[in-house]
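If you want the building blocks of each chain, they are given just below.
There are 2 protein chains.
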Amino acid sequence: MYSGAQVALYPMSDDFVGVILGALSALDPYRPKFQIETDDLSTLIVGPPELLFPAMRDLFVAASSGGIHCVLSATVSRGCPGHPDDDICTPLGSVGSVSPLPERIISAKQAVAEAAVTGQDVAAHFSLYPLGEGQHMDEIYGCIDFLKESGVFDRPKNFCTKLRGDAGPVFATLSEAFLRFGAPEEGHVAMDMKISANSPSRAA
Amino acid sequence: MYSGAQVALYPMSDDFVGVILGALSALDPYRPKFQIETDDLSTLIVGPPELLFPAMRDLFVAASSGGIHCVLSATVSRGCPGHPDDDICTPLGSVGSVSPLPERIISAKQAVAEAAVTGQDVAAHFSLYPLGEGQHMDEIYGCIDFLKESGVFDRPKNFCTKLRGDAGPVFATLSEAFLRFGAPEEGHVAMDMKISANSPSRAA
Chain A
1 MYSGAQVALY PMSDDFVGVI LGALSALDPY RPKFQIETDD LSTLIVGPPE LLFPAMRDLF
61 VAASSGGIHC VLSATVSRGC PGHPDDDICT PLGSVGSVSP LPERIISAKQ AVAEAAVTGQ
121 DVAAHFSLYP LGEGQHMDEI YGCIDFLKES GVFDRPKNFC TKLRGDAGPV FATLSEAFLR
181 FGAPEEGHVA MDMKISANSP SRAA
Chain B
1 MYSGAQVALY PMSDDFVGVI LGALSALDPY RPKFQIETDD LSTLIVGPPE LLFPAMRDLF
61 VAASSGGIHC VLSATVSRGC PGHPDDDICT PLGSVGSVSP LPERIISAKQ AVAEAAVTGQ
121 DVAAHFSLYP LGEGQHMDEI YGCIDFLKES GVFDRPKNFC TKLRGDAGPV FATLSEAFLR
181 FGAPEEGHVA MDMKISANSP SRAA
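Taken in order, these protein sequences are the chains called A and B. Read in this note's numbering, the first sequence has 138 at position 138, and its numbers run on one by one without any break. Read in this note's numbering, the second sequence has 91 at position 91, and its numbers run on one by one without any break.
Which copy is meant is left open, because identical chains are indistinguishable; a pair holds if it fits in one copy or across any two.
Derived pair list, reagent style DMTMM-like, types lysine to aspartate or glutamate, alpha-carbon separation capped at 25 Å:
#1 157 to 28
#2 162 to 37
#3 157 to 121
#4 157 to 87
#5 162 to 138
#6 33 to 58
#7 148 to 138
#8 157 to 185
#9 157 to 86
#10 157 to 40
#11 148 to 166
#12 157 to 186
#13 109 to 145
#14 157 to 39
#15 148 to 103
#16 148 to 40
#17 148 to 121
#18 157 to 37
#19 162 to 86
#20 33 to 85
It is worth saying that the hints were derived from the structure and are not from the lab.
Here chain A stands alone, though its shape is the one from the complex:
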């Protein structure tokens, strides 16, 4: 399998370079497990699918902790047929639609319930794209059933689903949606996600 993410941090601040550089050390514990490449649009992280969301969570919490309005945007992918398998991406456990939907929903809820709280409130929206199979809406609807019981479900939006809560369970929910739904282990799934903290337009 091949799995990774194109990740970008957008701090709404004149000091956006300082905020980004100050947050990068949060990735240090993950560096031995990842290939990392940066250009002027994003940073590519390639590694085990289970570590992608914890790494993005730690990066985002580090960038947001000073109170600056920040957004993290990422395109996450597993199983893209355009990329050869890479040992660095070997999953730590089982990935994909390997068991019936109801069992996966239970496992996903349990993983979110066990997620550590970070103290950083966030809002997020995301879209999950199961690619290359005919019944993609069944997997989407099964994932939505999980999201509604995740404890961080906010509301459906057009083309995406909105979450709100502590960064710990929110990133865990995104990770579970990505890992357990959409396609078999060797199938192709992509996710488009945005996470926001400290927004002044947050409704009360």
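For chain A, the structure is supplied; the task is to place chain B on it using the hints.
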């Protein structure tokens, strides 16, 4: 059909609210043709698929023209089976994989060649997701053939394709990729795109 986009502007500035509010009037000419809704994460525009990218282009050029580093991020969709057809989304012309790939590539190149230049240089990367059919990689590879001849192709990246050039042909290229590739007119296609201007990390 149902078509629209969740759009967000990220100005990397202490005055991000002022930059966003100052750019919104660029959407005024499109307002009679769109339904528009805003929350703390994004603005939803719903309307004819051919007008989505011109509207985003005008919004982004207005936000970037002062020299602030800005990113526009959007999730664009047509034909999502979760949404009923809406008259406001009636296409202005033919949309989707209605003719053989080589013919669509020629039409797409011609549309980009005719795009007006805006004077704003941008970099972009995007992913096109044809949903609900088995041969999605054929449409992706056909679209890549078009991109390579678009005049704004920069390079392939993992999980996405990078463009660079004037905002006029870049947004036209994104629009053509969205409108002409991926699925028939009634099929489901999504695009995840990021456009950046005035980045200090732009390589020389």
